[in-house]
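The sequence shown: position 89 = 430 (the numbering used here), numbered continuously.
Be aware that one or more of the hints could be misleading.
Here are the computed lysine-lysine pairs in the BS3-like style, where the Cα-Cα straight-line distance is at most 25 Å [what the hints assert, rightly or not]:
no.	residue 1	residue 2
1	Lys438	Lys496
2	Lys487	Lys465
3	Lys392	Lys496
4	Lys452	Lys487
5	Lys452	Lys392
6	Lys438	Lys452
7	Lys487	Lys438
8	Lys419	Lys496
9	Lys392	Lys438
10	Lys452	Lys399
11	Lys419	Lys438
12	Lys496	Lys452
13	Lys465	Lys438
14	Lys392	Lys419
15	Lys465	Lys452
16	Lys487	Lys399
17	Lys419	Lys399
18	Lys465	Lys496
19	Lys438	Lys399
20	Lys419	Lys465
Taking CB as the label site, the calculated pair distances span [what the hints assert, rightly or not]:
no.	residue 1	residue 2	range
21	Thr473	Ser432	16 to 22 Å
22	Asp457	Asn393	37 to 43 Å
23	Val385	Asn482	24 to 30 Å
24	Thr387	Tyr488	29 to 35 Å
25	Gly408	Ala459	25 to 31 Å
26	Gln353	Asn453	18 to 24 Å
In case anyone wonders, no lab produced these hints; they're calculated from the structure.
The beta-carbon is built from N, C-alpha and C at its ideal position, and this holds for glycine as well.
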Amino acid sequence: FRRVLFRSFQGQVNIAGFNPIVLDSIGSIDANSTLTVQGWLGVVGTLSNGKNATVTIKPLGILAFFGGNMTMEDASSKLILDGCDFYSGGSGITLTKGTVMFDHEVRLWNKNFGADVANTDLTKAIKFGDGTNPVNLVYLNGATVKYDGCVRVNKAQG
């Protein structure tokens with residue numbers, strides 16, 4: 342693993358290759374920027390996605406969260422999961438605000454660290470929205486989403 346400390350991604354940034362990269366910090370995708378991952382990207386901490394910013398995980402790619410969360414500025418902030426794996430280990434993850442788009446076959450994994458056992462604890466689920474800040478979920482034509490472990494969609498209260 343290569344551990345990288347970062348503060349922000351600006352403009353068009355591409356991460357390619359299958360040598361694992363772990364982002365070890367609180368970081369952000371700046372407004373009007375794009376991060377494209379074709380490979381393996383692990384996040385320890387919190388990743389913030391700015392206004393009109395897009396994170397795309399391409400086919401065969403993996404986005405893995407090891408604690409922390411992903412916050413998005415508003416509905417213009419996008420996470421595009423395109424034929425990839427989205428992994429949350431141990432403590433789960435909460436995505437707030439923004440838009441998550443699913444394209445092709447996407448696998449959502451929620452496993453306990455150190456074991457190949459699906460997490461069944463709702464408090465440690467992959468959560469879309471927190472009950473106050475919903476996430477728009479968009480399934481593109483032909484998209485398939487497979488789940489292994491707890492996944493929860495929290496709608497806004499009120």
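Evaluation of the provided hints:
no.	hint	result
1	Lys438 - Lys496	holds, 11 Å
2	Lys487 - Lys465	holds, 18 Å
3	Lys392 - Lys496	holds, 21 Å
4	Lys452 - Lys487	holds, 14 Å
5	Lys452 - Lys392	violated, 31 Å
6	Lys438 - Lys452	holds, 24 Å
7	Lys487 - Lys438	holds, 22 Å
8	Lys419 - Lys496	holds, 18 Å
9	Lys392 - Lys438	holds, 11 Å
10	Lys452 - Lys399	holds, 22 Å
11	Lys419 - Lys438	holds, 9 Å
12	Lys496 - Lys452	holds, 24 Å
13	Lys465 - Lys438	holds, 19 Å
14	Lys392 - Lys419	holds, 9 Å
15	Lys465 - Lys452	holds, 10 Å
16	Lys487 - Lys399	holds, 16 Å
17	Lys419 - Lys399	holds, 14 Å
18	Lys465 - Lys496	holds, 17 Å
19	Lys438 - Lys399	holds, 22 Å
20	Lys419 - Lys465	holds, 23 Å
21	Thr473 - Ser432: 16 to 22 Å	holds, 20 Å
22	Asp457 - Asn393: 37 to 43 Å	holds, 38 Å
23	Val385 - Asn482: 24 to 30 Å	violated, 35 Å
24	Thr387 - Tyr488: 29 to 35 Å	violated, 23 Å
25	Gly408 - Ala459: 25 to 31 Å	violated, 18 Å
26	Gln353 - Asn453: 18 to 24 Å	violated, 36 Å
Hint compliance for this structure: hints 5, 23, 24, 25 and 26 are not met, and every other hint is.
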